[in-house]
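Protein chains in written order, with the numbering used here: chain R, 1 to 94; chain U, 95 to 188; chain C, 189 to 282; chain A, 283 to 376; chain H, 377 to 470; chain S, 471 to 564; chain Y, 565 to 658.
FYI, nobody ran anything at the bench for these hints, they're computed from the structure. Careful: at least some of the hints might be erroneous.
Unchecked claim - Example chain H residues on the side facing chain S (calculated, C-beta under 8 Å, incomplete): (1) Met377; (2) Asp387; (3) Ser452; (4) Thr453; (5) Val457; (6) Gly459; (7) Val463; (8) Val466; (9) Arg468.
The beta carbon of each residue, even a glycine, is placed where N, CA and C say it ideally should be.
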Amino acid sequence: MNLRRVMLDVDKARSRPEMTEIAAAIEAAPGVEAVNITVTEIDVETVGMEVTVVGEQIDYVALVDAIDGTGAVVHSTDELVAGDRIVERVPRSR
Amino acid sequence: MNLRRVMLDVDKARSRPEMTEIAAAIEAAPGVEAVNITVTEIDVETVGMEVTVVGEQIDYVALVDAIDGTGAVVHSTDELVAGDRIVERVPRSR
Amino acid sequence: MNLRRVMLDVDKARSRPEMTEIAAAIEAAPGVEAVNITVTEIDVETVGMEVTVVGEQIDYVALVDAIDGTGAVVHSTDELVAGDRIVERVPRSR
Amino acid sequence: MNLRRVMLDVDKARSRPEMTEIAAAIEAAPGVEAVNITVTEIDVETVGMEVTVVGEQIDYVALVDAIDGTGAVVHSTDELVAGDRIVERVPRSR
Amino acid sequence: MNLRRVMLDVDKARSRPEMTEIAAAIEAAPGVEAVNITVTEIDVETVGMEVTVVGEQIDYVALVDAIDGTGAVVHSTDELVAGDRIVERVPRSR
Amino acid sequence: MNLRRVMLDVDKARSRPEMTEIAAAIEAAPGVEAVNITVTEIDVETVGMEVTVVGEQIDYVALVDAIDGTGAVVHSTDELVAGDRIVERVPRSR
Amino acid sequence: MNLRRVMLDVDKARSRPEMTEIAAAIEAAPGVEAVNITVTEIDVETVGMEVTVVGEQIDYVALVDAIDGTGAVVHSTDELVAGDRIVERVPRSR
Numbered sequence: 001m002n003l004r005r006v007m008l009d010v011d012k013a014r015s016r017p018e019m020t021e022i023a024a025a026i027e028a029a030p031g032v033e034a035v036n037i038t039v040t041e042i043d044v045e046t047v048g049m050e051v052t053v054v055g056e057q058i059d060y061v062a063l064v065d066a067i068d069g070t071g072a073v074v075h076s077t078d079e080l081v082a083g084d085r086i087v088e089r090v091p092r093s094r
Numbered sequence: 095m096n097l098r099r100v101m102l103d104v105d106k107a108r109s110r111p112e113m114t115e116i117a118a119a120i121e122a123a124p125g126v127e128a129v130n131i132t133v134t135e136i137d138v139e140t141v142g143m144e145v146t147v148v149g150e151q152i153d154y155v156a157l158v159d160a161i162d163g164t165g166a167v168v169h170s171t172d173e174l175v176a177g178d179r180i181v182e183r184v185p186r187s188r
Numbered sequence: 189m190n191l192r193r194v195m196l197d198v199d200k201a202r203s204r205p206e207m208t209e210i211a212a213a214i215e216a217a218p219g220v221e222a223v224n225i226t227v228t229e230i231d232v233e234t235v236g237m238e239v240t241v242v243g244e245q246i247d248y249v250a251l252v253d254a255i256d257g258t259g260a261v262v263h264s265t266d267e268l269v270a271g272d273r274i275v276e277r278v279p280r281s282r
Numbered sequence: 283m284n285l286r287r288v289m290l291d292v293d294k295a296r297s298r299p300e301m302t303e304i305a306a307a308i309e310a311a312p313g314v315e316a317v318n319i320t321v322t323e324i325d326v327e328t329v330g331m332e333v334t335v336v337g338e339q340i341d342y343v344a345l346v347d348a349i350d351g352t353g354a355v356v357h358s359t360d361e362l363v364a365g366d367r368i369v370e371r372v373p374r375s376r
Numbered sequence: 377m378n379l380r381r382v383m384l385d386v387d388k389a390r391s392r393p394e395m396t397e398i399a400a401a402i403e404a405a406p407g408v409e410a411v412n413i414t415v416t417e418i419d420v421e422t423v424g425m426e427v428t429v430v431g432e433q434i435d436y437v438a439l440v441d442a443i444d445g446t447g448a449v450v451h452s453t454d455e456l457v458a459g460d461r462i463v464e465r466v467p468r469s470r
Numbered sequence: 471m472n473l474r475r476v477m478l479d480v481d482k483a484r485s486r487p488e489m490t491e492i493a494a495a496i497e498a499a500p501g502v503e504a505v506n507i508t509v510t511e512i513d514v515e516t517v518g519m520e521v522t523v524v525g526e527q528i529d530y531v532a533l534v535d536a537i538d539g540t541g542a543v544v545h546s547t548d549e550l551v552a553g554d555r556i557v558e559r560v561p562r563s564r
Numbered sequence: 565m566n567l568r569r570v571m572l573d574v575d576k577a578r579s580r581p582e583m584t585e586i587a588a589a590i591e592a593a594p595g596v597e598a599v600n601i602t603v604t605e606i607d608v609e610t611v612g613m614e615v616t617v618v619g620e621q622i623d624y625v626a627l628v629d630a631i632d633g634t635g636a637v638v639h640s641t642d643e644l645v646a647g648d649r650i651v652e653r654v655p656r657s658r
């Protein structure tokens, strides 16, 4: 399966790791071409982020391990795109 | 009939199958070119997903069987596109 | 008149016909090039769908007959586009 | 004046004329290239439609006469575009 | 100054002038290339319209005079675009 | 610094200056290529406007002076874009 | 890691620095190609801004130092994009 895009819900402590460390770890994972880290919540102790990763033949397990390795926590996988191109979700109409 | 896009409402247990297993099973179905799996609900026991599949001459029965084979459950088919190209829905104005 | 797009409000019983049967019947109608069937309502007994058909020189009567022939019911025609190209509706501003 | 787009508010009785008759009558009017008829209201006796007509050198009087000739009623003209190209409305910001 | 787009708030009596008369008068003003007249309000006595005029070296005074000459009333100028191209407004974010 | 776009909040008295005077004064400022003046508020005495100016090497001080010189008042600068191209704002997601 | 876009939440006192000073300082930082500074809040003493910086091999530490050097305050980093191209965030659907 050619994994082309992954969207992850990731938390980190406010003090560390730095967002640049997380971005660097993700970019170094096999198959990753680019990453967007968007902060969606800042709490007293933690920062909530949505992480969008694009590439070709992304190694999903290595990607999650890379994030864990920085001290950040992957809470859930919210979207996967696989195949010969990126296909956007068609939202439900009912 | 040349089936080009299918949108399915799919549930899985939280523990298994993995979303990557479902994506791999779908991608292997006849006629499938790419798939987007988006999580729309996380409950205590289950995860609700919207699955968008694109391709050419998609084998609808084989596609549903492939998903069932992973242990996930297809609840409903929410959109079908067939013909010589993908046509978007024109929403009702009344 | 060169009919190029039709949007129909169609209902079917939950058990039958299958949506793939309706799509196949529509695709076989004269002038039809592609079809989008979107489910907008699932009730106890029936499924409500919005059907968008595009093509050239679509035979409107044959299209409605094809849908009726599957056992589904055409409730209303909600949009017609005719002429030398597809023109989108300009919505009213008052 | 080169009239290029007209948007009309049109009503018809539920029973007749057929929407396809109205579309055919509009398409036959001088200067008309394409037409979109969108149903915006279905009442007990009548059907309310927004009719968008595009073309070049559209004959406005002949267009309205063509619609009247089918038994439908033009209630109002809601937009006119004239000139050497189609210009969209810039909505007011106050 | 090269005036390229003007948006005007214009009223007319319901009975007259016809919208086609206003469009013809605007189109004949110096520098005008195209015009969109959109009805935004229909009251008992009057019709409120938003008029978007595009062109090159539009003569603003002649444009307003042309509209006044038909019996319609220019209430206010709501947007002006001038220069070597049309630039859209960037809306305020606070 | 190559200033490429400026968005200003500007007020004027209802009677004067004319919007066309303000547009002409802005267009004559060094580096300005085009300007959009959009009215966002009409009060008893004053008219509130959002002014979007685009160009290359825009002289910010001269631009503000040009507006002041017409008798209009610059209340605030709401956006600046500088560099080798125009970059749009990415809005905050939290 | 090739840092290509950074979005920062920045505050400044109303009196100083000028927004043009901040833009000039950012534009001079290593790797920066263009910057958008949008005012999102004006308070009694301070002005809140969203700063979007694009470039190639942006030096994150030098960028933050450049802003601090003008007397403005970086409150938080709200988005980072790194890799071989700019990837937009895919928002969560649950």
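Each hint tested on the structure:
With 8 Å as the threshold, the beta carbon of methionine 377 of chain H comes within range of chain S, its nearest partner Cβ sitting at about 4 Å, so the hint holds. Interface hint at aspartate 387 of chain H: violated, since its Cβ lies 15 Å from the closest Cβ of chain S, which is beyond the 8 Å cut-off. A cut of 8 Å between beta carbons decides the hint on serine 452 of chain H: the least distance to chain S is about 7 Å, and the hint holds. Interface restraint check: threonine 453 of chain H against chain S, minimum CB-CB distance 6 Å, threshold 8 Å, status holds.
Interface restraint check for valine 457 of chain H: the shortest CB-CB distance to chain S comes to about 5 Å, inside 8 Å, so the restraint holds. For glycine 459 of chain H, the shortest C-beta to C-beta distance to chain S is roughly 3 Å, which falls under 8 Å, so the interface hint holds. Hint on valine 463 of chain H holds. Least Cβ distance to chain S is approximately 4 Å, under the 8 Å limit. Hint status for valine 466 of chain H relative to chain S: holds, with the closest Cβ pair at about 5 Å, below 8 Å.
Taking 8 Å as the C-beta cut-off, the interface hint given for arginine 468 of chain H holds, the closest approach to chain S being about 5 Å.
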